[in-house]
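Visitor: Assemble the complex: chain Z is given as a structure, and chains C and L must be docked to it using the hints.
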Amino acid sequence: MMGVLGTAQLGMAPIVAHIFSKNDDGSASFGWVIGRILVVLLMVHVILILGALMVWAERRVSAWMQDRIGPNRVGPQGLLQPLADLGKFMFKEDVIPGHVNKVMYTIAPLIATIPALITFAVVPFTGSYETVGGESVAVSWQIADLNIGVLYILAIAGIGVYGIALGGWASNSKYSLLGGVRASAQMISYELSLGLAVVPVVLMAGSLNLGEIIAYQAENTWLIFTQPLAFFIFLTASYAETNRLPFDMPESETELVAGYHTEFSSMKFALFFLAEYANMTVAAALVTTLYLGGWTFFGLETLGWGMGVLIFSLKVIFFLFAFIWVRWTIPRFRYDQLMNLGWVVFLPLTLINVVLTAGAIALDQTWMFFLLPVLLIAAACVATWIGWKRDEDKFQPLPTAPAAGEEGHA
Amino acid sequence: MTTVLFIVFGGMALVSALLAVTRQNPIASAIWLVGMFFGLAGVYVVLEAYFVAAVQVLVYAGAIMVLFLFVIMLLDLRTKQLDEEGPPKMPIWGVLAAVLFIVASGWALMDAVGTPGFFPDAEERAALELDGSAKAIGADLFGRWLLAFEVTSILLLGGILGAVILTKRRLT
Amino acid sequence: MAASFLHPLLAAGVDMPLEWVVGLGLALFSVGLLGVACRRNILIMLLSVEIMLNAANVVLVAFSRVHSELSGQVFVFFSMTVAAAEVAIGLAIVIAVYRLRQSTDVDDAADLGEVDYGPVPPLKLEGEDQHHHDDHGDADHSNDAGSDGAAPDSAEPIGAAGEA
Numbered sequence: 043m044m045g046v047l048g049t050a051q052l053g054m055a056p057i058v059a060h061i062f063s064k065n066d067d068g069s070a071s072f073g074w075v076i077g078r079i080l081v082v083l084l085m086v087h088v089i090l091i092l093g094a095l096m097v098w099a100e101r102r103v104s105a106w107m108q109d110r111i112g113p114n115r116v117g118p119q120g121l122l123q124p125l126a127d128l129g130k131f132m133f134k135e136d137v138i139p140g141h142v143n144k145v146m147y148t149i150a151p152l153i154a155t156i157p158a159l160i161t162f163a164v165v166p167f168t169g170s171y172e173t174v175g176g177e178s179v180a181v182s183w184q185i186a187d188l189n190i191g192v193l194y195i196l197a198i199a200g201i202g203v204y205g206i207a208l209g210g211w212a213s214n215s216k217y218s219l220l221g222g223v224r225a226s227a228q229m230i231s232y233e234l235s236l237g238l239a240v241v242p243v244v245l246m247a248g249s250l251n252l253g254e255i256i257a258y259q260a261e262n263t264w265l266i267f268t269q270p271l272a273f274f275i276f277l278t279a280s281y282a283e284t285n286r287l288p289f290d291m292p293e294s295e296t297e298l299v300a301g302y303h304t305e306f307s308s309m310k311f312a313l314f315f316l317a318e319y320a321n322m323t324v325a326a327a328l329v330t331t332l333y334l335g336g337w338t339f340f341g342l343e344t345l346g347w348g349m350g351v352l353i354f355s356l357k358v359i360f361f362l363f364a365f366i367w368v369r370w371t372i373p374r375f376r377y378d379q380l381m382n383l384g385w386v387v388f389l390p391l392t393l394i395n396v397v398l399t400a401g402a403i404a405l406d407q408t409w410m411f412f413l414l415p416v417l418l419i420a421a422a423c424v425a426t427w428i429g430w431k432r433d434e435d436k437f438q439p440l441p442t443a444p445a446a447g448e449e450g451h452a
Numbered sequence: 028m029t030t031v032l033f034i035v036f037g038g039m040a041l042v043s044a045l046l047a048v049t050r051q052n053p054i055a056s057a058i059w060l061v062g063m064f065f066g067l068a069g070v071y072v073v074l075e076a077y078f079v080a081a082v083q084v085l086v087y088a089g090a091i092m093v094l095f096l097f098v099i100m101l102l103d104l105r106t107k108q109l110d111e112e113g114p115p116k117m118p119i120w121g122v123l124a125a126v127l128f129i130v131a132s133g134w135a136l137m138d139a140v141g142t143p144g145f146f147p148d149a150e151e152r153a154a155l156e157l158d159g160s161a162k163a164i165g166a167d168l169f170g171r172w173l174l175a176f177e178v179t180s181i182l183l184l185g186g187i188l189g190a191v192i193l194t195k196r197r198l199t
Numbered sequence: 005m006a007a008s009f010l011h012p013l014l015a016a017g018v019d020m021p022l023e024w025v026v027g028l029g030l031a032l033f034s035v036g037l038l039g040v041a042c043r044r045n046i047l048i049m050l051l052s053v054e055i056m057l058n059a060a061n062v063v064l065v066a067f068s069r070v071h072s073e074l075s076g077q078v079f080v081f082f083s084m085t086v087a088a089a090e091v092a093i094g095l096a097i098v099i100a101v102y103r104l105r106q107s108t109d110v111d112d113a114a115d116l117g118e119v120d121y122g123p124v125p126p127l128k129l130e131g132e133d134q135h136h137h138d139d140h141g142d143a144d145h146s147n148d149a150g151s152d153g154a155a156p157d158s159a160e161p162i163g164a165a166g167e168a
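Chains as they are written, first to last, in our numbering: chain Z, 43 to 452; chain C, 28 to 199; chain L, 5 to 168.
No lab work stands behind these hints: they were computed from the structure.
Keep in mind that a hint or two might mislead.
Stretch-level coverage of chain C by chain L, calculated; a stretch enters the list once three of its residues show a Cβ under 8 Å from a Cβ in chain L [to be verified]: (1) 35–48; (2) 61–68; (3) 90–97; (4) 131–139; (5) 160–174; (6) 177–183.
Bear in mind that the values here come from a model prediction, so they are computed numbers and not experimental data.
Each residue gets a CB set at the ideal place from its N, CA and C atoms; glycine is no exception.
This is chain Z alone, in the form it adopts within the complex (with noise of 0.2 Å):
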């Protein structure tokens, strides 16, 4: 079907093509064990440097929102910030409190991490065009070409909550048991419209194969366009999901120190920060992929062989700004706002969605593609014009002197 390496579109020569590919019969050939293990090695190394340049980015994007410099000491631009910090959490001493449960205190980073990093194994990060049966349809490469790659990654994205459950309870502190308790039952409340908003995905493209996926938006159109609700709620639910602002519940700084990881130091706590940020590109690659149309953009990844993992990146870069974007700009909601957005709001909307979009695929109408968005956006609409009304008619004239409680109302 395809090279794993995609070695003659990255230039190489046949013979090199040649010693990763499988033998002719389709069996696996030891080159072609060992291309697989070095596609894998190639991409943790690039997950652990994005994590690593997001901490980066994420202290100087603050700061620039904020009117500060950030770090700027270490390289250029502070660049090499995260290899100082990596240094120093090294080299910091492991401390393992005296009240802890030793074996799940130790094991609960890895619970987190390992997870995170191993639904890489099926984004497709570029592809080509090839003719097959005489059409031209796009292909796509990743690791590992699973026909069920949306529930695997949503299934072992689930598991990523264990070490944060289990961090929290094995600290045997109360700020941290109540990060994994809230981190627990977050999970379970978002993964339900999380699963339910690609629903609709699967549904369109008729298949749970990311590349088909792919395929499918290069040859009608992305997602986005034809689906937005449910990607504004996908990806809604992908920051409760990564715990990352404004649904930053189980870390909440301000109410409970640090949350699940208030008892961790040194690697461990290294760990926990490292899962976090590997969620996010893994949240960031689903959104490109599904809904966005992965390595694709109109046409322009076709000029040279770099341009699918170029449109890859930059969209998936894009997203994850969005994350530091949100993060400094949307204030953290209170914890019956969460559920309730998560239970009252999102997974009624989600199922209405799906029907919907199963009714127009069946009965071939498109335009009930569009039709709870509109509604909902005509509600809101509404809504703000009649809060703004009943507003006006409540403080006008405005009191010269207004007192210091009324402010919280504005």
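Guide: Relative to chain Z, chains C and L alone:
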């Protein structure tokens, strides 16, 4: 190759299950049970039931056990209290019952395996193609088993109502 | 077709004896039985029921493979649904029992059994100290009435006990 993979995953499932029922601490039990779910998912992959394997991890490990963990942590059983209780007591009659069960049903299984034609032979099996993809399972689920599927939704509704009513402190 | 990355490994198809899978299901079921029969912690008993359901699932998938019949795999989904509903209800019961007894030991919730249940702590409700020991059966009754909303005054202590 599949035999080796089966022994690895099946052994993992069995050992995890044994550890899960013998742990004193419910959290440790829950974690070992997650190990068992992963082992079984591996067994399903070996049996070429990929969709079932993914759903196993997604539903059992990803949702049911997280709910379990949530409740265990919510109850907040003190480890001190657990230590006072000592190691779990295993009544001898219970162990005997389990052993008797495995002996009796193992005997029945051996008997069945001896019956010619109970299991198709290897080459007969190789000729049978089984499409365990999501599409095929979906067609079967929403075709032949549609009524059962709908009844399941009523069961789930009952489950939701029951859980809400049982956990509400006061119904107003 | 599915999981093509595994196919080089599984090129020969499923060549192992499927009896082993049935044996695995058997062993898992026995382990679950052991847990339900021997453990007194209600949480671990619930987990053991999960093990038994999973044992059934393994056998279903194995026979689905043997007979090339998808119904087995479809039934696994039904079994999972039942498991999910069972866990939801079971955990709700655990929480309800824990609120009353502050314990997850099933022997502590044996009020309907024989009278002699040994050193079980009597049901203690805050603000009901004037009731002496023999009254706790009545307290149970008032809980039932309270949760129906029929007697909100008697439901108050239950709520308070739950908070404690």
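Visitor: Determine for every hint whether it applies to the structure shown.
Guide: We went through each hint and held it up to the structure:
| no. | hint | verdict |
| --- | --- | --- |
| 1 | 35–48 | holds (count 7) |
| 2 | 61–68 | holds (count 3) |
| 3 | 90–97 | holds (count 4) |
| 4 | 131–139 | holds (count 3) |
| 5 | 160–174 | holds (count 7) |
| 6 | 177–183 | holds (count 3) |
Checked against the numbered hints given earlier, this structure breaks none of them.
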